[in-house]
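K.L.:
One letter stands for each residue in the lines below.
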Amino acid sequence: MLILECPYCGVKADETELHPGGEAHLKRFGPESSDEEFEAYLFERKNRKGVHFERWRHVYGCGKWFHAARATDTLEVFGTYSAQTNAPPDDLIKKIKQKRPDFGGYE
Amino acid sequence: MKRYSAFAVFREGLRYQAGWERAWRSPDPKPAYDVVIVGAGGHGLATAYYLGRNFGITNVAVLEKGWLGGGNTGRNTTIIRSNYLQDPSAAIYEKARSLYETMSQDLNMNVMFSPRGVMMLAQTEHEKRGYLRTAHANAYQGVKTEFITPDRVRKLCPIINIDGPRYPVLGALWQERGGTARHDAVAWAYARACSNMGIDIIQQCEVTAVRRENGRVRGVETSKGTIDCAKLALIVAGHSGVLAEMAGFRLPIESVALQALVSEPIKPCMDVVVMANTVHGYMSQSDKGEMVIGGGADGFNNYTQRGSFHHIEETVRALVETFPMISRLKMLRQWGGIVDMTGDRSPILSKTPLTGCYVNCGWGTGGFKSIPGSGWAMAELVANDAPGPLAAAFGLERFREGRFIDESVAAGVAH
Ligand SMILES: Cc1cc2nc3c(=O)[nH]c(=O)nc-3n(C[C@H](O)[C@H](O)[C@H](O)COP(=O)(O)OP(=O)(O)OC[C@H]3O[C@@H](n4cnc5c(N)ncnc54)[C@H](O)[C@@H]3O)c2cc1C
Ligand SMILES: [Zn+2]
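Each protein sequence line maps, in turn, to chains A and B.
Read in order, the letters of the first sequence correspond to residues 1 to 107 in my numbering.
Read in order, the letters of the second sequence correspond to residues 1001 to 1415 in my numbering.
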C-alpha cells in the first residue's frame, strides 16, 4: 500500500485517500505555441523507470494538490512537497542522490 | 523442425518420448542483423514471424531481457475480441482475430484458440446505447457482432444475476467468434516458427543502449555485447518509455500496473467470456476450472509488476454483485503486469524521429488479442519503411495532428 504524507495537513494518507495526477512540473503551452510544444505538453511523458516526480491530490482529506518524489521501480517514496513550485526542492534532490548515486538530478 | 501431430504423439508414446526436439534454438547473438527486435513478447515474436513469412526477411534477432513471453504476454487474461467502435481499431483487431482462427494450423502448434463467445454487458442505459452504436458500426466494418436481449444473456450465461439491484443487465454486445487462447502457447508457437525460419531468439539479453549515427540507427548495446542492425523495432510494452529514452525521443505513454487473479478450480459453470465494464470486472473460466478475473489498472506510474490491493477488492466486489455464486470462491493467485497506456488508449505502430527505428507499443490493457494482426502490420511497416493500411492510422504523428483513435471513450476501458 502506497503511503504519502500530505505536505499541507500532515496526514500520512494511504493511496485510497489520494488521487494520482501524473507527471509533475509540466511546462504548459497554450494557443500561441507550436504544434510540437503543445503535443509535448499534452502527451509526451518521461515515464521514467526510477526516480519520478509526480502530482497527487489529497482528495479524501484536505483536498489539496501536492507533489511527490517516488521510485517507480521499487515504490520507495523519497518525499512530498508543496504544489507551489516549478521544480523539486534542493534538499529533496540531495536526499535522493544520497540514496541513489546514479540519479542525475531533476531534468 | 519435426512437425507436431497426433501421429507424432503416438510414435513418441512408443519410444519413451525420446524423439522430441527443442522447440526453438538458443543461439549466441551474431555481430549484425538486418533487423533487431527488442522484446520477445507476442508482438515482437509475431513481427519477426511475419517479417520472415510475408517478406522473406529472416536475418532477424529478437532480444529478450528475461524469458520469452514473460512480460504481459504471459500475464494477461487472454480475451480475444474485435468489437471496437473506430474503423482503424476494428480493422487491425479483426485481422488479428481472424488470424487466431487458423493459428494452430498455420504455426503447427496448439494455441487452444477457443472462440467461445465474448459478451459485454450493458448495465446502464448509456452503456446500452453505446453498444447498440458499436453493433451498428461493426456491421459496416464487417465484424460479426450483435446486441442481445437480457433473456439471451441469461441463456448464454445462467450464472449472471440479470436483475442485480444496482446494475440490472439491459442487454449485451455479443461477439460469437470472440474468446480466449492459451497465452504462453501463442508466444511459443511464434518462437518455434521463427526459429525454424532461421530467426534468432536470444533470451537473457537486455538492451542497455541504442547506438545512433547521423540520425540513424546503428545498433544496440546489450548484456551480451554489441549488436549492429540496419533496422530496429522496439516492442517492449511497459518498457517503451525506457527504450525510447535510449533512442533519444519521448512517447505519449505512461506505464502502470494492471492486475488479474484466478480462483480455485471449480466445475464448469460458464462457457463464455463476460465483461462488465460499468462495474469494472470481467471473468471467464479456464480449461482447468479456475475463474480468470481481470480488474482495473492503477493510476500511477509503476514498473514493479505489483498492483494495489484495493483494485482487487473493487473488482471482486463488482463481480460478486454480477455473479453471486462466486462469493465464496477462494482466490488462488494474483499478479500484475506493466501496461503501456497512450493518451488516446489506442496503440502506436510507427516510425520514430530516429531513422530506421520503429515502435510498436501502447496496447495497454488489451493487446493479447491483437498479437497476430499487430505483428502482420508491424512487419509491413518495418520491411517497407512505410505503414500499410492496417498501421497507417496508428502513427505517432496523430498526437500532434489531433487525429486520435479514441477507444477509451468509445469502447470502455477494459479489454
Ligand atoms: C493483468 C493483465 C491482463 C490483461 N488481459 C488482457 C486480455 O484479456 N486481452 C488482451 O487482449 N490483452 C490483455 N492484456 C494486455 C496484453 O497482455 C498486452 O497488451 C500484450 O501482452 C503486450 O504484448 P507485448 O509483446 O507488446 O509485450 P510483452 O509481452 O510485455 O513483451 C515485452 C517484452 O520486452 C521485454 N523487454 C523490456 N525491456 C527490454 C530490454 N531493455 N531489452 C530486452 N527486452 C526487453 C520484456 O521482458 C518483455 O518480455 C492484459 C495485460 C495484463 C497485465
Ligand atoms: Zn492533506
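Since the hints were made in silico from the structure, they are not lab data.
Treat the hints with caution; some may be incorrect.
As the list claims (entries may be wrong) - Here are the simulated DSS-like pairs of lysine-lysine, each with C-alpha atoms no more than 27 Å apart in a straight line:
#, chain 1, residue 1, chain 2, residue 2
1, A, K49, B, K1095
2, B, K1351, A, K46
3, A, K46, B, K1155
4, B, K1065, A, K49
5, B, K1224, A, K49
6, B, K1065, A, K99
K.L.:
Given the hint that K1351 (chain B) pairs with K46 (chain A), test it: the Cα-Cα distance must not exceed 27 Å.
P.N.:
Between K1351 (chain B) and K46 (chain A) the Cα gap is close to 19 Å, so the pair holds against 27 Å.
K.L.:
Would the pair K46 (chain A) and K1155 (chain B) pass a check requiring their Cα atoms to be no farther apart than 27 Å?
P.N.:
Violated, at about 49 Å.
K.L.:
Would the pair K1224 (chain B) and K49 (chain A) pass a check requiring their Cα atoms to be no farther apart than 27 Å?
P.N.:
holds, 22 Å
K.L.:
Has the given pair, K1065 (chain B) with K99 (chain A), been kept, meaning a C-alpha gap of at most 27 Å?
P.N.:
Within the cut-off at roughly 26 Å; holds.
K.L.:
When you check the alpha-carbon spacing of K49 (chain A) and K1095 (chain B), does it fall within 27 Å?
P.N.:
Distance of about 33 Å is beyond 27 Å: violated.
K.L.:
If you draw a straight line from the CA of K1065 (chain B) to the CA of K49 (chain A), is it 27 Å or shorter?
P.N.:
holds, 15 Å
Checked against the numbered hints given earlier, the structure breaks hints 1 and 3 and satisfies all the rest.
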